[in-house]
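Participant: Here's the letter readout for the chains.
2 protein chains.
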Amino acid sequence: MSIAHERFDGKVVFLPGSTISGIKTISIPSPLTLQRGGVLQEVVLAYETWGELSQARDNAILLFTGLSPGTHAASNQENPKPGWWEFMIGAGKPIDSSQYHIICVNSLGSCFGSTGSISINPATNRPYGFDFPELTVEDIACAANLAVCEMGIESLHTVMGASLGGMAALYYALQYPGQVSNLVSISATAAASPFAIGIRSLQREIVACDPEWKEGHYEVGKGPFEGMRIARKLGLTSYRSADEWLTRFGRERLVERADDADIIDVEFQVESYLEHNARKFAEKFDANSYLYLSRAMDWFDCREHPLLLLSKKMPLPFRSLVIGISSDVLFTVHEQRDIATRLEKAGGEVSFTDLGSPYGHDSFLVDEDAFMPAVGNFLLASSNAHKAL
Amino acid sequence: MSIAHERFDGKVVFLPGSTISGIKTISIPSPLTLQRGGVLQEVVLAYETWGELSQARDNAILLFTGLSPGTHAASNQENPKPGWWEFMIGAGKPIDSSQYHIICVNSLGSCFGSTGSISINPATNRPYGFDFPELTVEDIACAANLAVCEMGIESLHTVMGASLGGMAALYYALQYPGQVSNLVSISATAAASPFAIGIRSLQREIVACDPEWKEGHYEVGKGPFEGMRIARKLGLTSYRSADEWLTRFGRERLVERADDADIIDVEFQVESYLEHNARKFAEKFDANSYLYLSRAMDWFDCREHPLLLLSKKMPLPFRSLVIGISSDVLFTVHEQRDIATRLEKAGGEVSFTDLGSPYGHDSFLVDEDAFMPAVGNFLLASSNAHKAL
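If you read the sequences in order, they're chains A and B. The numbering of the first sequence is my numbering, which starts it at 138 and goes up by one. The numbering of the second sequence is my numbering, which starts it at 138 and goes up by one.
Treat the hints with care, since some could be wrong.
[Said to hold, decoys possible] Per label pair, the in silico range of CB-to-CB distance:
| # | chain 1 | residue 1 | chain 2 | residue 2 | range |
| --- | --- | --- | --- | --- | --- |
| 1 | A | ARG390 | B | GLY175 | 35 to 45 Å |
| 2 | B | LEU391 | A | ASP399 | 35 to 45 Å |
| 3 | B | LEU391 | A | PRO443 | 24 to 34 Å |
[As the list claims (entries may be wrong)] With a Cα cut of at most 27 Å, we get these calculated DSS-like pairs of lysine-lysine:
| # | chain 1 | residue 1 | chain 2 | residue 2 |
| --- | --- | --- | --- | --- |
| 4 | A | LYS359 | B | LYS351 |
| 5 | B | LYS417 | B | LYS359 |
| 6 | A | LYS421 | A | LYS450 |
| 7 | B | LYS161 | B | LYS230 |
| 8 | B | LYS161 | B | LYS218 |
| 9 | A | LYS351 | B | LYS351 |
| 10 | A | LYS482 | A | LYS421 |
| 11 | A | LYS218 | A | LYS482 |
| 12 | A | LYS351 | B | LYS161 |
These aren't lab readings, by the way, just hints derived from the structure by calculation. We put the CB at the ideal spot given by N, CA and C, even for glycine.
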C-alpha cells in the first residue's frame, strides 16, 4: 500500500504505507491505548535505517527526532539527499553505519509517515484532524518500542535523541531499562519548564488564531499557513541565541528594500532569514500535528518515574551521556544537569557535558566540531566496554 | 484644553491637553522635523514631576520610560496610585524627590499624552493613525530636550532610563553633552541587536496580521486587540528569564481547568499569567503607537555618534552609570558592557555594573534590592562630587 497525499504547495507528503524515498513503515499492535485514554487502530510508524543489523541483533541504535524533522536523518542508498544530522550518521561517522544499525523513527502523532492527525481514521474513513486523541511523549516512546519489537530487535545498543527526541529517549530508557544499554540525551528535559511551556503555548495560540485553522477542522493540506509561519518564527527565535545572531546577521540590511516600504516591511537581514525559514516549515508541517506534539512536550514530567525514585535499590542498568548547551534558553543547561543528577542518584553511570556551543537549542544540528567527538567518543567507549566483557 | 478619549474597553486615554491625574502637557516648538524626514505640527509631550525645581535650576532629573509605561513613574500629590518605579522615586528614596526635580516624560509617538498616532493631525482634523511619520529614538530624545528647554531648564543633573528609555537617555547625553552632568543607562543598547530586532519584527507582524489592524487604518480605540494581546505575550517571554519562571511558576496547574478543555486551552499557571498580563496591556496601548516605537528601537544605532568617535579629543563631560543584567536575553549584558566601553573610550567617567538579577530584562522594575543602592549611590556620589567643587 502506498498513499501519497498532495499538499497545497504541490509537495508530496507520505501517508502510512508509503515506501517512497527510503521511508519505511511498520505496523504496531493495535488497538493502541494512549496514556491519556485515547485509543488508536491500525497504527503505523515511519522510519529509515542506516547500516545492517548484526546477526546477534545487538547493534541497533534508535534515534528519536525533535519536533520538526522527519526520518531522513542522513543520506542513504534509497535517498541520497543530505539529512538533518548528515555529519553525524554514516560510514566512518560518529554514529557509524558500518558498525551500527541505526533506526530513525518519525514520532507517533507527527506528519511524516507515522499515524497522526493527517492519517485516515479507520472509524470514519477521513483524516483524524483535531479528533486525534491527546498524545504524550510517553506514547511516542512506547509506540517506538512496539515498532522495535516488531522489527525483531529485543534490545538496543543505544537510544538517543535531542529536544523532544531527547525526552522520548530518556523515557524509553527509564521505561525499558532491560532493553537499552546506552542513552544519549541532548538538550532535553526531565520536566517541561514554564518558560518552554509559555513559548509553546504562544505558538499554539498563534496557530489557533488563524481563521484557516477552523477550530482544527481544516481540510488536510489547506491549514493555517500564516499561523504556522508566525509560530515557526517564534520557534526560531527560541532555538538560537542573541550572541550567535549578532555574529551571523549583525545589523545588515536587505539590499532590495522597496522605496515605499513602511515600518512593517522586512528591512533587516534577520527579518528576511526568519521569513524564509518559517515559510519552508509552514509549507511542509501539518498544523494539528504541530499542536499535538507541542502540548505533549508541555505535559512531559518523568521526575517521578519509579526507576528514578528507587534511588540505587535497583541501579540503572544503562550508561548515559547527557549533553547540555549553556547558550540554550529553551532547554537550559540547568535542566540537562538536572537529568544527569537524577540518573546518577538512581545509580546510573552518567557522563554530563556542557558543550558551550554558541548556537543555543539548535546546536546539535549545526555544531559538528563539538557534537561529533562528544557522541562518537561515548559510542566508542561503549563498544570498548562491550569488547572488554 | 482637556480631551479624554473613550477606548473600547471603557477606560479613558489621555489625549494631548489633558491635565487629569497629574499628567501635564507642554507644547514644543513646531514644525518639528523628524530624523527620517517627517514633519509634525502642534507637538506636545506629556510628563509628570516629583519634587521642586531648585532656584539654581540645577537639580532636574529627566527620566525616559520603556516602551510600555506612561508618565506615572511613582505616586505623587495629584495621583496617589503607585507608579511603575514606585520603589525608586519619592522623598527619601534613591531618586529623592526632596532633593531632585524629577521629570518623567511620555515618549514622542507613545499614546499616553504625547503627540503620537492617536493624536489629531491638525492638517486633517483626524487622528494620524498609520499616517504618523516614521519615528526614531533620536526624535524621542530631541523632543524631550525641547520640552526641557521650554520648562526653562538649561541643564540636567541626570538623564536616565531603562530599555527604550535607556537608549533615549544615552542619545540625549551624547547629543546635548553640555546640558547633562550624569547619565544612567539601564538595560539599553548602543545599537539594536538582530535578536531584539527579530523578536520585535515578529511582534509587529502578529499585530499587522490581525484583520482588525486594517492596514493601520482602524478607528482609534477599536484596534487589533487580539494581535496586541499575542504580541505582548511574546514580549513577556523575552522580558524575563527561564530560571525565574521556574521558581515562580514551576509546573503549577490552574485549579479551574474545564473538563472539556482541549490541547489549546490554558492549563498551566504560566499560561494564565501570560494571558492576564497581555490583556491588561492590549486594553490600554494603541497598536500603531506600539508599531512606531517598536521599529524606532530597531533603527537605533548610536555607535557612530561623533562624540563617541572623537576618542578623548573632547572628553565626555558627563559621568555615566551603565547597568546590565546577565539574565537579560533581550538586551544582553554584553551590550551594556559595550555601551560602557564606548563611553570610556570617548573619555567619559564610567561605572559599569552587572547586577546579576534573575529577572531578565524587567529586573529594573522588580529587583528593588539590587537597583535601589545601585542608582542611589551613583546619585549620592554625584551630589558629593558637586559639593566638593
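Participant: Determine for every hint whether it applies to the structure shown.
Facilitator: Outcome of the hint check:
1. A:ARG390 with B:GLY175: 35 to 45 Å: This hint is violated: roughly 20 Å between Cβ atoms.
2. B:LEU391 with A:ASP399: 35 to 45 Å: Once the Cβ atoms are compared, 40 Å apart, the range 35 to 45 Å for ASP399 of chain A and LEU391 of chain B holds.
3. B:LEU391 with A:PRO443: 24 to 34 Å: holds, 28 Å
4. A:LYS359 with B:LYS351: Judged against 27 Å, a Cα distance of about 24 Å means the pair holds.
5. B:LYS417 with B:LYS359: Since the Cα atoms of LYS417 of chain B and LYS359 of chain B sit roughly 15 Å apart, the hinted pair holds (cutoff 27 Å).
6. A:LYS421 with A:LYS450: violated, 47 Å
7. B:LYS161 with B:LYS230: holds, 23 Å
8. B:LYS161 with B:LYS218: Answer holds: LYS161 of chain B to LYS218 of chain B is near 16 Å, not above 27 Å.
9. A:LYS351 with B:LYS351: Within the cut-off at roughly 21 Å; holds.
10. A:LYS482 with A:LYS421: Distance ~42 Å between LYS482 of chain A and LYS421 of chain A Cα, so the pair is violated.
11. A:LYS218 with A:LYS482: violated, 42 Å
12. A:LYS351 with B:LYS161: violated, 48 Å
Hint violations for this structure: numbers 1, 6, 10, 11 and 12, all remaining hints satisfied.
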